[in-house]
Amino acid sequence: MTTPLKKLSPLCQLAAGATGRVCELRGDEDFCQRLREMGFGEAALVTKVSGSTTSLCQINGTRIALSHAAAMNIMIELLPIGPAHDRSRAPFPAPASPKLNATDRTR
Amino acid sequence: MSQLPSHITGSGKKRPAHADRTPVYALVGNPNCGKSTLFNALTGLKQKVGNYPGVTVEKKIGETYSQHGKPIKIIDLPGAYSLAARSPDEAVTRDVLLGRRSDTPQPDRILCIVDATNLERNLYLVHQILDLGRPVILVVNMMDLAESSGLQLRVDRLEQALGIPVIACEAVNGKGLVELKLAMSRSDLPLARHSWDIPVAVAPAVAELQASLTDNDGRSPLVARAEALLLLTDFDTVRVAGSTPLSARTTDILATWQKHWEGEGTDWAGTLVGSRYAAITKLCVDIVQQTGATGPTTSDKIDAIVVHPLWGWVVFGGVMTLFFLSIFTFAQGPMEWIGDQTASLANWLKATMPEGDLRSLLTDGIIGGVGTIITFLPQILILYFFIGLLENTGYMARAAFIMDRLMSRVGLNGKSFIPLLSSYACAIPGIMATRTIEDPKDRLVTILVAPLMSCSARLPVYLLMIAALLPGTTMPVLTKVGIMLLMYALGTAGAFGFAWLFKRTLLKGRPPMMIMELPPYRLPGIKDVALHMFERAGLFLRKAGTVILGISIVLWFLTTYPKHPDATAAATEQIAYSFAGRAGHAIEPVIKPLGFDWRIGIGLITSFAAREVFVSSMGVIFGAESANDDTTTLRVALQKATWPGGAPVFTTLVCFTLMVYYVFAMQCMSTVAVVKRETNGWKWPLFQIGYMTGTAWLVCFVIYQTGRALGY
Ligand SMILES: Nc1nc2c(ncn2[C@@H]2O[C@H](COP(=O)(O)OP(=O)(O)OP(=O)(O)O)[C@@H](O)[C@H]2O)c(=O)[nH]1
Ligand SMILES: [Mg+2]
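Protein chains in written order, with the numbering used here: chain L, 1255 to 1361; chain B, 276 to 987.
Any given hint could be a false lead.
Ranges of calculated distance between the beta carbons of each label pair, as one might list FRET restraints [to be verified]:
#, chain 1, residue 1, chain 2, residue 2, range
1, B, Arg-797, L, Gly-1271, 22 to 30 Å
2, L, Leu-1262, B, Asp-575, 45 to 53 Å
3, B, Gln-565, L, Arg-1275, 15 to 23 Å
Source of the hints: derived by calculation from the structure; they are not laboratory data. Note that this is a predicted model, so its numbers are computed, not measured. Just so it is clear, CB atoms sit at the ideal spot from N, CA and C, and this is done for glycine as well.
Starting from the given sequences, assemble the full structure and let the hints guide the process.
Okay, structure coming up:
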């Protein structure tokens, strides 16, 4: 899997034991929002534990079950590393701009 | 603007100044992080605790005392992943925090509970809470689990970085409670030094909304900023805020920005989440450390079997079989013992008291009614013990996972299975538990079908009918279990069938989107299980002592008066002549096609209050008929009952039909009341009564008439 071109597949098609990186979230906006809030945002590392219709995956040390319709909307880039039992801490992408914009926070 | 909640009208500074007012703390955190456990430890109350997300679905207020003996109010809240609520239980938390609920005092201070084993995700909610500008104490719970999985947490550094009290804690063992109490007793809690940079993409929008909220909606600057951020990420805020509508200006600004981003294709909500996580990651860098390599945990090893596509089903089937088998085998002895005791009490009364109405009230009315019900206490205890085990080990969430595939066939998702499974105990907590379901249609369908799952109140009816159906005590246990399983299967199949039907017709919706966290397995705290079990048993006894006692006495009265003109008339004639008898005769035409006579009709009417009343009513009616003999068991009395022509009433076919009737019929006032409250009106509870009782009648009609035609 060293092709330079990213090959995306939905999470439900990931083989059990394989690890991938979340690249794209599709579907309803509010659902994507919740996925991101639960740590399923872009660049998060996901290890599939089992399941083809209902997926069970491991992310940041927690196990999360996703229904088929939900897992279809999560596009994954397969990573060539083995199962990550460790609590792989996926760094989140840097915010759109690191520029400070603090308001009256210091009161 | 006097109707506005206090957090809007009052500035943040006024609140802590009150030394005389009882401070109110809110317990906030992700689902299943131990809020209720901590709440119980602090207040001594007995909120339900369980090892799956979504145990608490309603706020609960308790009280504790500060280090100086001053009272402190604490509000236990449902778990939430974010203030941008997606389901009714999360909305409860959000609304209490924002002071949108009139029945709850607005919290002055917030106890944020985080799970130490998953600090980053838990901090996301904390990050949102800190924006509210309220004093916060951070409780890092489950330190024991973090330690055993090789995680090192530098709590002191977290405290430095945030500038608020951070307390390491193990709520189950009571560790860290003293430190927590000390922090809670402080009168001068600092506000967080929480520097977080709003991403540039949304900053102008936040600034503009904030200004408008301050100028046009009377918010204080800090609250205005938090609310502006929430408005950008919470898709429903505008709608839910109905009680305190936003000014037209603010709504306009929001709409303009949303349109602007839409045109640009900017994902502002995603950007906000991303920048919060970025801030958290930065914060956690030198706070969390993984020491030592970790292999698969015990939970992982158990899950390899329990959620396996094949073995998972085997385990699930095994668990269910064990469940029903234990209800029968273990309860048999205690049940007979209680039956013997009540019978000998009645016999003793008959021997010592002169014959008359008072003796009849005591033996037929009270012992006949309530005594019969109490016999079923052992089964109820076993049932709740078993459900308690499922809830506290963590299997509940696995069962939901396994069932998701099946549930999606009928248009629901696995999350709906948890309320349905709880409904095996009682539909009321089951219906409450539907608050964790995000999609309103899915939630409504789950509420509609939940009472079809055979609840514990049906157990006495099934057991009595099985006993009447199978004469002789030599019946092998397995046959009884088989019939019982058939009833449970029938109810469950009915629930799935109707869910399928409703999702296809009345309540069409989107494909089920489920995200559900599976907690690590835990050895169930015997205290949690036992507490819940005895609490439910207490409820059951209290119901027997109040509702069922009351109905039994009233029913006794209604079967005794008016007196038959001929004082020597047989008991059956007396009952037929009484008020109850007349009512029973009045509905007999409707139920005769199902093979039920007027005495069963009386039971059907009284058991509208609650299903087990059917059994106590049979106890009152048929107990009175055998008034002058020794008190025989109800089973024998039932077998002696005949139609006017002499044919037995309780034939095998009738007993079976009656059981099926109770599988489907909606016979529970409390459920109706809860459905009305949860669906905001009479429409759905009335629909539910109609469709369930209608189905019951139809199915029974078909069974009875077919049975008759086949010669049973
Ligand atoms: N090992 C360990 N387990 C804990 C600790 N605190 C709570 N638990 C367990 O965590 C599980 C969840 O506890 P609850 O108090 O029900 O969690 P909650 O936050 O109220 O959950 P919801 O009401 O669903 O949001 C239970 O099984 C507790 O026994 C702790 O400090 N250590
Ligand atoms: Mg709770």
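*Of the numbered hints stated previously, which ones are contradicted by the structure, given in increasing order?*
Hint 2 alone not satisfied by this model.
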